[in-house]
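Student: Dock chain B against chain A, hints included.
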Amino acid sequence: MSETDFTTALRERFPGVTERPSLDLAAFNCPFGELRDILRFLRDEAGFDMLMDVTAIDAYEESPRFTVVYHLFSTSRHEYVRVAAPCEDDVEPRAPSVADLWPAGDWHERETYDMFGITFTGHPDLRRILMWDGYPYFPLRKEFPLAGHEVDLPGADVAERTGAKVLPAPMMGGPFHAPQKGPMSRREPRADDESWTETREKDAAQALPDGPRDFKHSDT
Amino acid sequence: MAVKEVSIGDIGARAAQADEEFRGDKMLINMGPSHPATHGVLRLKVELDGETVTKCDPVIGYLHRGDEKIAENMTYNQFVPYTDRLDYIGPIHNNVTFALAVERLANLDVPPRCKAIRVICCELARLQSHLLGCGVYGMDTGALTVFMYSFTQREKLYTLMEQLTGARFTTSYTRIGGLMRDIPDGWLGNVRKVIDEMEPAIDEIDKLLSRNRIFYDRTVGVGVVSKEDAVAYGLTGPNLRASGVPLDLRKDKPYLGYDQYEFDVPIGTSGDCYDRWLVRLEEMRQSIGIIRQAIDKMPDGPYYAEEAKKIFAPPKSKVLTSMEELIQNFMIVTEGPQMPAGEVYFEAENPKGALGFYIVSKGGGVPYRMKIRSPSFCNLSILPKMMPGHMVADVPVILGSLDFVLGECDR
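Protein sequence lines correspond, in order, to chains A and B. Residues 0 to 219 in numbering that gives the first Met the number 0 are what the first sequence lists, from first letter to last. Residues 0 to 410 in numbering that gives the first Met the number 0 are what the second sequence lists, from first letter to last.
Here are the computed distance ranges between Cβ atoms for each label pair:
(1) B:Asp228 <-> A:Gly147: 35 to 41 Å
(2) B:Thr51 <-> A:Gly154: 29 to 35 Å
(3) A:Ser62 <-> B:Pro253: 38 to 44 Å
Here are the simulated lysine-lysine pairs, DSS-like style, with alpha carbons at most 30 Å apart:
(4) A:Lys164 <-> B:Lys44
(5) B:Lys192 <-> B:Lys206
(6) B:Lys296 <-> B:Lys315
(7) B:Lys68 <-> A:Lys164
(8) B:Lys252 <-> B:Lys361
(9) B:Lys192 <-> B:Lys296
(10) B:Lys308 <-> B:Lys296
(11) A:Lys141 <-> B:Lys361
(12) B:Lys250 <-> B:Lys114
(13) B:Lys296 <-> B:Lys317
(14) B:Lys309 <-> B:Lys68
(15) B:Lys250 <-> B:Lys206
(16) A:Lys141 <-> B:Lys309
(17) A:Lys141 <-> B:Lys68
(18) B:Lys206 <-> B:Lys226
Worth flagging that the hints you see were computed from the coordinates, not collected in a lab. C-beta: ideal position from N, C-alpha, C; glycine also.
One chain only, chain A, in its complex shape (with noise of 0.2 Å):
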């Protein structure tokens, strides 16, 4: 089966699904509901043995703001294929798992969870996997800043004992790099965190302000 061939196929067995844009690989944009019987389909009949990596994109003010992103790769035919899935729910998300048609897909499932919160129905074991268990928050949402939040320690009684916390990073002036917009005056270099710098001791009362950094850049 070569591209044209799985594409049009798929495309006949599932109406629903939609060209994604991309730069390289065939990509394709799955409703919610379908998208185990999609990759399932993609996995037996259309050859993608392999699953190569589970992903999510955050969107943030727009909705759905959850998109969990599957590679698959077919060692057959050396093809990659990119699917997309919005994900159900944006306070709470969730997404269906496919660790069961592909080993693989556990551990993967597990880090998105940790790091976007997403829950995948019908993991088999998902908790978190690059953070500790009991870290409250997921790092790689865009309200999330870049130096951290300040949290108890793992395991209460070091906390205790220590009385230390974990503290967010020191960002001492960076990341460098311009925010392309507005006057030229302000284009040059600057923080984009600069809750706490070599001169300037860390407001601890001063909390950072929650949501992104700005991200969007224009094209001027």
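Tutor: Relative to the frame of chain A, chain B by itself:
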């Protein structure tokens, strides 16, 4: 004095009784995160029945630095040093893979000389990585000498890296659209000298271990991964090929003009620890062959894409003498290389497996989202499936044979 005679039969019966009493008692052992046999900060929660592993739960994340979050907050060139810290055993390959991924986003093709230099860099990184992988693998099985042999060779590679990039470990050599600088005079001769010396050294390493009875007994039939499992768990690189799947992205999805080089892709037959060792050894020899071809065919010309005025900052000599290039340099340094909106996924055959970058761009010099698909992460995910049934002494051997790096796994 009463003497109780103990017959062999009594001892046997008592031992059997003791065996019965202890049967079914499971012990939980915590290996790591700083256990010397775990190659970094990997923690394994291992459940044992006697000496047999019944369950294994890897705990990762001790080296999580949030590279993906950081990438969303800086320009593409600023992120190059962070890629050094992914697979820090062969850092220059990560630089190249990242540059290739972003260049695919920009739909930019670099000149032939740049590609050839990058190929040499990639293969040197593969040698670095496999020399370490094989050396410490020997240590894991109790053969300390191999480590000395391989690190003697590895040291020479670091000297080459220092001559090329100015740094031994953290190379940061690539820029989007080119390289930091051209190769220095006489460097190719040095590379040739080093690989000429390395070839017999690899043969020596081969002779030291491959037919060594102890090594053989400890690795053959241990940690077998079937073809189906390897594909289903998303294993890549030497670990996948040792299981008999002939997948090498250099052959199957050629980038950097790898289709112009002649080399073989070694594959294993049984997928055990011994096959993974053999595959890595042979890959080193193939890498040396590729480097020789690249040196022989090294084309002349520019080492960066000259037409990419909004992507590659021109060399310093031009910046200091020409107004136009000064402005170009200023814009690229402050705002980053200008990319179109869109998304790409690019994977290259890193020493450890397929390293992938999924970049979502909304235009401008900063990615909106960047996912790093790290081969070590996927290679480790098979541990819960692989470990049960093995003796606890096999655990370090299996870990050593998988040759992972936690910097890449945790990102």
